[in-house]
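S.K.: All chains should be built: construct the whole structure from the sequences, respecting the hints.
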Amino acid sequence: MDPTIAVLLALGGVFLLIALHVPIGVAMALVGVIGFGLMSGFLAAWSLLGTEASSMLSNVDIGVIPLFFLMGSFANASGMASDLYRLASALIGHRRGGLAAATILGCAAFGSIAGSSIATTATFGRIALPQMRMRGYKASLASGSIACGGTLGAMVPPSIILVIYGLISEQFILKLFVAAVIPAALAVVIYILVIALVVRRDPEAGPAAPRVNRAELWQAFRDCQPAILIFIIVSGGIYGGVFTVNEAASIGALAAIGVTAMRKRLTWPVLRQAFLEAAASTAMIYMAIFGASIMSYFIGLTQVAETAAAALQHLSVPPMLVIFLIVIGYLVLGSIFDETAAMLVTLPFVLPVIVSYGYDPIWWGIINLVVINLGMIIPPIGLNVFVLQGLAKDLPLSVIYRGVTPFIIGDLVRLTLLILFPGLSLWLLTVIK
Amino acid sequence: MLDRFQRLYLTFVEWLALFAVGLVVLAAALTLADVVMRSVVRHPLFGTNDIIIVLLTIGILASFPYCTATSQHLRVTAVGSRLGSSGFWLVELFAGIAILVILGAFVWQFSLRAMMLAKTGESSQLLSIPMAPVWWVGAALMTAAALAQCLLIVRDAAALISRKPLPPSQTGESVA
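Quick note, the sequences are listed as chains Y and G, same order.
Going by the working numbering, the first residue of the first sequence is number 1, and it counts up by one from there.
Going by the working numbering, the first residue of the second sequence is number 1001, and it counts up by one from there.
Don't read these hints as lab results, they were simulated from the structure.
Think of the CB as a built atom: it goes at the ideal place given N, C-alpha and C, for glycine as much as any other residue.
Any given hint could turn out to be false.
Each pair of labels, with its calculated beta carbon distance range [stated by the list, open to error]:
#	chain 1	residue 1	chain 2	residue 2	range
1	Y	Leu38	G	Leu1127	52 to 58 Å
2	G	Gly1121	Y	Gln303	52 to 58 Å
3	Y	Pro379	G	Arg1007	51 to 57 Å
4	Y	Trp268	G	Arg1007	35 to 41 Å
5	G	Phe1012	Y	Pro3	31 to 37 Å
6	G	Arg1007	Y	Trp427	36 to 42 Å
7	Y	Gly241	G	Gly1121	55 to 61 Å
8	Y	Gly390	G	Lys1164	19 to 25 Å
9	Y	Leu38	G	Ser1162	37 to 43 Å
M.R.: Structure (structure tokens):
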């Protein structure tokens, strides 16, 4: 069979299996094994399950994913998320739209000690939504800022999505984290600008809260010290070259458990819940990584990605057009499946094309991250929106989607800037080596 | 009877998951000790990486039975709910069998790997920890995951035969 047809059939097969409720990792592993088996024999194909899994598990960085999950769970259980939100509110809550902007800052700060978008949305949905509604914020702005702020959980390093991308594409996780810093900062700036524009158009959307006195501000700062300390240890350690990513994740997780214990919140139910969540998420992600790795092996064998790249270059298609088409493709696929699935399934095929155009795989990791985060808030599968609606059942989905719309426009502007100017992601890598 | 066994098995895989993350935390503590020794005493702990890799390998694989038993895989279930209850359970049954095939293949391949490592006597670089037992444990953990999946398949088959209604998560009653 022609390799191109084989790969197209494989991709179709993966999407069909995913539609039939087969887990993404299992679908990729099955199709990868069948495809490889048809080309090189089934005994060799099945052995990929053992060789790929063992080669993944012999990497010391494999511990990063459960450790970041634990760090996020205990940072939440210890109350650090509410401390960060209180400090941000004390600093800017007295301005119009200030509590929404504080939510963005709080989410970004929490994102620096957690790594998940959904966890950040759920945490701030519980903390910030009641506060904003109590202060008379319109439900659309309040929910929109939380759903979008939640994406900063995955955008601000350490990011679990970037760890997955790094493991599958065999890129340095540290480089991916460094490259995400400016795009994450850009997201914060754009979200706050969006809030400013919304309250400028409609001042009733986000009324100013009373200014807090100096003693309250100082207290809020003191309460935040453990979170700031963990941030300094994890981010300072990673970017300062003191620790490897795995060491920073280990120390961060232990510090978060320590803070929870010191605050006398380390009860058996909290420990059990955090451990079970970490175990489930770890296995879920590793199954997907094993599957993607097997699928990559099969696609690598066909050399279809290289052939496609050569064909595209022969057609003289402008590289930027190819990039935009792929990103649009992800967003369309994301409306049927979700963007993480789209990235996992297509990465083995797409990455060689991107690299053949001379683009940096690190930059493509950041673009993927932004697209996946965008998928967390755009209909029909906006997971953050669903999480928030699950927490506030009186909020109709239509109101939350109305709230996130201006932020989606902001995110599209950011995505365009990051595509047009790869330096926004890659410049910091030339400074921090 | 089956319900009781399923509940007991869930309790077992929950303890296995707690043990799994316990191993990950232990690996983190060892890493911390190594960092402290390296930066304070300038004398890194000998062979830490060897132990950490063993702990993490078993820790990660021990998470699979709980993830499987609680169906927390990364998957999309938007289509099945539109097929009515019979269609939904049929699709679930199909997906369950696909998961079982892969888990079974992992058991098979990890066992082969363990046998091969036992034959060659391969061990870790610094501490010479024999690697064959690690993969035997891996195969046993994947067997536990496969057994959890078998129970889910029986549950889905029973739901399909008895025309059980869609679960609440598929009817829009709970989306978070």
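S.K.: So which of those numbered hints doesn't the model satisfy?
M.R.: 1, 2, 3, 4, 5, 6 and 7
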